[in-house]
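Number of protein chains: 2
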Amino acid sequence: MRKYVYAFDDGNKEMKSILGGKGANLAEMTKIGLPVPPGFTVSTEACNQYYEDEKKISEDIEKQIFELLQGLEEKINKKFGDIKDPLLVSVRSGAVVSMPGMMDTILNLGLNDQSVVGLASETENERFAYDSYRRFIQMFGDVVLSIPKYKFDRILENEKEINKIELDTALDVENLKNIIKGYKELVKKETKKDFPQEPREQLLMAIEAVFGSWNNTRAIIYRQINDIPGHLGTAVNIQSMVFGNMGETSGTGVAFTRNPSNGEKKLFGEFLMNAQGEDVVAGIRTPQSIEKLNDTMPKVYEEFVRVANLLENHYKDMQDIEFTIEKGNLYLLQTRNGKRTAPAAIHAAVDMVNEGLIDKETAIMRVEPNQLDQLLHPTFEENAMKAAEKITTGLPASPGAATGKIYFNAQDVVKAASAGEKAILVRLETSPEDIEGMAAAQGILTARGGMTSHAAVVARGMGKCCVAGCGEIKVDEGNKIFRISGKIFKEGAYISLNGNTGNVYAGSIPTKEPELSGSFSKLMQWADDLRTLKIRTNADTPRDAHMAVKFGAEGIGLCRTEHMFFDEERIAIVRQMIVAKDVEERMIALDKLLPFQKKDFVGIFEAMGERPVTVRLLDPPLHEFLPHSDEDIKTLSEQIGVAYRELKETVEELKEFNPMLGHRGCRLAITYPEIYQMQVKALIMAAIEVKKEKKINITPEIMVPLIGHEKELGIIKELIVNTANEIINDSDEKIDYTIGTMIEVPRAALTADEIAKHAEFFSFGTNDLTQMTYAFSRDDAGKFIGEYRNKGIFEKDPFQRLDQVGVGKLMEIALDLGKKSRPNIKLGICGEHGGDPDSIDFCHRIGLHYVSCSPYRVPIARLAAARSAIKNK
Amino acid sequence: MRKYVYAFDDGNKEMKSILGGKGANLAEMTKIGLPVPPGFTVSTEACNQYYEDEKKISEDIEKQIFELLQGLEEKINKKFGDIKDPLLVSVRSGAVVSMPGMMDTILNLGLNDQSVVGLASETENERFAYDSYRRFIQMFGDVVLSIPKYKFDRILENEKEINKIELDTALDVENLKNIIKGYKELVKKETKKDFPQEPREQLLMAIEAVFGSWNNTRAIIYRQINDIPGHLGTAVNIQSMVFGNMGETSGTGVAFTRNPSNGEKKLFGEFLMNAQGEDVVAGIRTPQSIEKLNDTMPKVYEEFVRVANLLENHYKDMQDIEFTIEKGNLYLLQTRNGKRTAPAAIHAAVDMVNEGLIDKETAIMRVEPNQLDQLLHPTFEENAMKAAEKITTGLPASPGAATGKIYFNAQDVVKAASAGEKAILVRLETSPEDIEGMAAAQGILTARGGMTSHAAVVARGMGKCCVAGCGEIKVDEGNKIFRISGKIFKEGAYISLNGNTGNVYAGSIPTKEPELSGSFSKLMQWADDLRTLKIRTNADTPRDAHMAVKFGAEGIGLCRTEHMFFDEERIAIVRQMIVAKDVEERMIALDKLLPFQKKDFVGIFEAMGERPVTVRLLDPPLHEFLPHSDEDIKTLSEQIGVAYRELKETVEELKEFNPMLGHRGCRLAITYPEIYQMQVKALIMAAIEVKKEKKINITPEIMVPLIGHEKELGIIKELIVNTANEIINDSDEKIDYTIGTMIEVPRAALTADEIAKHAEFFSFGTNDLTQMTYAFSRDDAGKFIGEYRNKGIFEKDPFQRLDQVGVGKLMEIALDLGKKSRPNIKLGICGEHGGDPDSIDFCHRIGLHYVSCSPYRVPIARLAAARSAIKNK
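Those sequence lines, one after another, are chains A and B.
Position 172 (the first sequence) corresponds to 172 in the numbering used here; numbering is contiguous.
Position 201 (the second sequence) corresponds to 201 in the numbering used here; numbering is contiguous.
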């Protein structure tokens, strides 16, 4: 028979996957001789078996439970169900990965109408016995019988009111008996059955309830948010009770071995005398700070300090400990690695290295890269949050906190910002024309679009707070209002955005700027020493480039050139270029653009120094640069002196059904080679100028987007080489450059051997590659991707976390084929996934040379890369 | 030293790839003892070497040419460049694949001012000598020196006019000398050099010109149209001259061994006495029918008949023979397999089998599958074509010929057609709402969209003539006109469309219906016996299904269910379903749709009998079913009683940036499972009804579109099975069904092992798969795909011919993975490529079980499949 149930002295801390976190640690503490009330654990395998057996506890499992229960009876010399001196137990869930608040606890199980009398006489404490019984009924009723907790509370409150009692501790035996009577009536009314009196039945029901709660909605959502697979299951811990509510020498408490908020090495926690666990959380009585225990019970306190140190040294990590004091004796009910804020995680990890407790690698593994996001962006003042009125939640598209007045178009935001106002840009969705407004805004809120929509990508690039795809708000851009559940928010109204959670609040909430500690720099330094992946950034402007270098970027992996086209001075020329009737007209416009582009590149090269810079030639379809409303077309018609009808026809002609799959990327250069020619000229001229004037050796990496066929790259490479060499030959500087391509079209991956014959580097454009491989438009998928996550099709949005099975397979195919043709080909990634730790790990494992991400994610990527190097050693 | 030049008696007909078609056949005829003037061939390898050497004839090649020339001199005992009795040669191109009219010929090469005098005295025919010389200068001037031919013609015509001469044959020596003088002055003026007098220089220049013409624009375009790879190169044939212009016992002609127009077994050709080759084509004198040669020179005729029979028997195919008679002696200058019309190809092939000349397999290999298209659709009356005024050319999107009055929307077409008019639907592009109008129209003309745009796909399905993506016409649907180069065509004006060429004509051109011959059926029967691939059809209606069965379809590979939704009766219900506020409302609408869908399926099942039918569940995004203009929304609002603003909001909400990558296919069923539920119900209920009432055993194949993740299919399969089994269990009929999926998303191909765990069949949706793999929207790619073909990136539009390198690789990956999970998985293709012979060959080779194509392409597919079976034996 398979083993489903384990006594505490039968396990250890390595057995988490079978015993759950709580069970494994109870076993470990038992093993090292700490005072743990004895008990046993029903394993996660039993939980999974329960679901396989269509939610039935099998005979095998039941048999083992009662065998272990018998062992427990023998150990503490009490009988379960005994009416004189009953063995009472707690039943608590314990998942493999800690899921605080998600699973439920039952204390004092085993009591019934008869044994409560026995307990009273055995402990000579009638009040304690009845208090324990009413707690048990309430918890069992809530957790097992699904009776809403407030209904029990109402009975309790009623009794207190009648008797003018303030604190629960003041309830006397009579009061408690009344309450118990009320509770039992409530159970009868709600379940049409009497409260179960048979302890074995109570136990099995409780275990089933714990198993069942593994798949309650809260638990499922928590697992989704925290990326916990559903197949792990939960264990159930059955432990003999010790009582914190046995009077004034008893109590209960929780404590961290270090401060979980800032990492300071000092015991941090609280306790409450004459109470059971739930009283501490309930907030009816105010618990005391843990140091106060030294005053109340100095011996117990001393013992607790010793145990806390012992546990931290044993686990080599900050511990979060639950304890109970029964009649002056200390018992440990739980220990686990303490949850902590990002600053605390960093501070404690660095301290522990200095203390010699852990090594640098362990320190790095202690800090979740995504936690760093909290450190790099503004946050709301914590106090101010209490009064905040949340109106809706969208997608947490770009982290940070922002507050300001709402405006519904980019111009209005720019105007407001230049008048010194804090502005929030609210749009149905953003488009490249909104860039200026996005830059001027404190934050961005959109009604449509997913985690990689235009708004999200650009905002992350800017390090600006953004909540996207907030479907509940109905934006009326024309009337400059948005509606939500009957309320109207007009232009100028204050709202606040939390880009980490996606929450949107009415009104203004003060924010505070982030501060980076010395521990942060130290940890980053260690990460840099350990990682093998290079970290680059996606930056289109000197400002972004500077920022990224500050955050530790080692180069630019993606410098998009199209954002440069939207500047007010330039857009008219760009439009002239687009509506040109022939090559000559187009060349005239391009010649005007050339000095602007050159200036951009000079700025970026100067910001980056000799770090590598990959410049992507023009990518978006040309219609993105044209106005679409009749009115705007009229204005443009006057501006550039092209007849309205002609212009309108051009706009119509350029319209596309599926712009993502349209006339863009390198396809533009096949039909209009002169555009790339101009860009290459500007690039090489900039490199020459910077080399000459600043003595910086620039080796541009010229990247061609959207290649799907090797001949495309062959033709365009020839164009680039001819253009570049002509300029280089005419100058007296020697400039080296390389030519490569994005791998973002599935066909490029599938034919990478042919493409690598032309390409000196590949940069995986996993945004588009994901779109094509999944046939998901990132701008449209928002509508159904939620449903996909709810139904368990996706564990994670594939635009946020690389789909390693599908898209990843294409990447591996491309890598293998590419290296076959060109063994020393340089390999990187510049999609959004370049900033996602899990995706970075994949990039490390398949052997990319660098990842590139938005400036604000560079520290995250540095840390993630180091963790990958450690994990995959 | 590599061998670059081959004497005629040094080769044979198997050496086409080296000697070109013409050279190989000259060698073969020489080998079997026919009277061929001796000569030699400069090989295709020399041509390729010429291009590799940057357009220079290498020393090696030049040396070999003159060695072989010396051999020729010895053989016929004349000297090249001799001033008394010069060896004259013809220089003619000869590509591997026959490219008539594409390459150029030079006759009489070797003449100059001095040797023309020698030739005159040696042949005692001064007129002949000067006639030969003027012809030589003209051909050399045109082909080698690139002087426009009309400039020579002008000099010739001028001389004839001055001397009041009608026929060239009437020119006397003096006239010819004047002309030669004029020609030489023209050459001097145009090239700034004298006409080259040195025969060896003439020869090398001529060979270079032939090499050069391999890459002239005409040749490149011809190769594109006919799928001839550019790397083959051309050979050059240098042959000693025989003269048809040596007086009345000399002449020249061409003849086919059978009638190339209908295949009749009877010599078919013409000849001209006292003439050189180009005179026959030039049309100045009218050639005589070949039988007339029997009257003029019976001995020569008898000899020619003998040779013709001998050649046909030798080559076992209809021959196209060029001959010259010099002073009563017959010489053969060329033989090749004759080009023929589709009816001729079929008729001759079947005859030859009956004659025992060839076997059935050979007969099948003689008919190009795509030729059949000519037979299955109406064509223009040939006589009427002479006066036709072509106004533009679009893409030949669906074959056939059509003539009628133009209308600019579907309703107007329907109205006109029901009034008995022949109507042509002219649209910017078509959408599903136009279906009824398309069905009522004679033909369809669109300004936008490629070969697989909506218009093209639907028209091909209907077997209806369509010219698509005709960018030159400016369609103004509002004003019901289109403009082209200044002209305006108003509603009601007549135009005519040729769907085989893409030509659009002004005015009405009478058409004639196709007739299918007995030979056709015979050939198809043989094809069916030989092929291993099954041929299915894409059919959405009983009408299409009947048609396809008539054409030999063995099942339906793709029955789209969405077209059924557009019927006037149903669309309002469909729209109610879409705007439903909750599941209940949606179910009410779906319940109303159910009987309609069931009726559709009953009709299709009855049409197909027990042949397999694959039904694809709903695929397009829901917004395709909604109106988009404010006016139409208002109308609908009144129709279905939903407030305008609410409806408008729904329309806006459903809008997508990239519908191709949006909320469609199986994604609809993840969010609205009740839609597929209704469809499955209808399908199973129909199968039960047909089984019960018609005793036809129906085994529906239920196909889920757009699967990208195995979990999607897992969830939807469960839905289908539950729905279907409930109905089956409630009935007293046993219905088997299978569930499978389209493979049209790259990720599905990459994870086909996982998907095959759920899928009993895969059907490759190569339209979408091509779109995603190439990141080309078929609706938008029209704008640049032309440029891609011009620049040689594509040999062929990847939407017409499967991209075997990229998309094909994905298919092979899917196949391998799919079979790994489910060895007996059924495999088919239902994209447009299922009707393309080359793509069918690929499908055969990778081991699909069937291809599915539009009804009108079924015969083509049957033939193509047979050819693949033969080729890949």
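Note that these hints are calculated values from the structure, not bench results.
Careful: at least some of the hints might be erroneous.
A pair holds if it fits inside one copy or across any two, identical chains being indistinguishable in the list.
What the hints assert, rightly or not - Okay, derived cross-link-like pairs now, DSSO-like style, lysine-lysine, Cα gap no bigger than 27 Å in a straight line:
no.: 1; residue 1: 711; residue 2: 783
no.: 2; residue 1: 711; residue 2: 3
no.: 3; residue 1: 164; residue 2: 550
no.: 4; residue 1: 711; residue 2: 796
no.: 5; residue 1: 871; residue 2: 78
no.: 6; residue 1: 487; residue 2: 655
no.: 7; residue 1: 634; residue 2: 681
no.: 8; residue 1: 599; residue 2: 390
Against the structure, the hints:
For a Cα distance limit of 27 Å, the shortest separation of residue 711 from residue 783 across copies, 18 Å, qualifies, whereas the shortest one inside one copy, 37 Å, does not. Taking the closest pair of Cα atoms, residue 711 and residue 3 never come within 27 Å of each other, the shortest separation being 62 Å inside a single copy and 32 Å across copies. Taking the shortest Cα distances, residue 164 and residue 550 never come within 27 Å of each other, neither inside one copy (63 Å) nor across copies (92 Å). For the homomeric pair residue 711 and residue 796, the shortest alpha-carbon distance between copies (14 Å) is at most 27 Å, but the shortest distance inside one copy (36 Å) is not.
Proximity of residue 871 to residue 78 under the C-alpha cut-off of 27 Å is found in neither arrangement, the shortest distances being 48 Å within a copy and 86 Å between copies. For the homomeric pair residue 487 and residue 655, the shortest alpha-carbon distance between copies (25 Å) is at most 27 Å, but the shortest distance inside one copy (36 Å) is not. In this assembly of identical chains, the alpha carbons of residue 634 and residue 681 never lie at most 27 Å apart, being 33 Å within a copy and 54 Å across copies at closest. Proximity of residue 599 to residue 390 under the C-alpha cut-off of 27 Å is found in neither arrangement, the shortest distances being 45 Å within a copy and 52 Å between copies.
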